[in-house]
Amino acid sequence: MRDLARRYLPAGDLRQGETALAKIVAEREDPFLVLISTILSQRTRDEMTEQASQQLFAKYDTPQGIAHADREDLERLIKPVGFYRQ
38 MRDLARRYLP AGDLRQGETA LAKIVAERED PFLVLISTIL SQRTRDEMTE
88 QASQQLFAKY DTPQGIAHAD REDLERLIKP VGFYRQ
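Position one of the sequence shown corresponds to residue 38 (our numbering), numbered consecutively onward.
I should point out that these hints are in silico values taken from the structure, not numbers from a laboratory.
Fair warning: there could be bad hints in the mix.
[Said to hold, decoys possible] With a Cα cut of at most 25 Å, we get these calculated BS3-like pairs of lysine-lysine: (1) K96 - K116; (2) K96 - K60; (3) K60 - K116.
Using the sequences and the hints given, assemble the complete structure.
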């Protein structure tokens, strides 16, 4: 994933001032987690994307975990992004 981030993100995004999504892409090795972070980042400030991603992945970090999670728990974890009931 880090190679992918370096390939497609401007070098400045991986240094100071990087976006939350660029940081997540650079730090995560799992394409699934990057995909979920990307979905959460739609129409959301970077700070909220990072907060929601960290909360979600601390508890559920696999597709199976998210698939079997309680809906209300998922809503609570991703609430910072604002469209948690859609």
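query: Which earlier hints turn out false for this structure, listed by number in ascending order?
result: none
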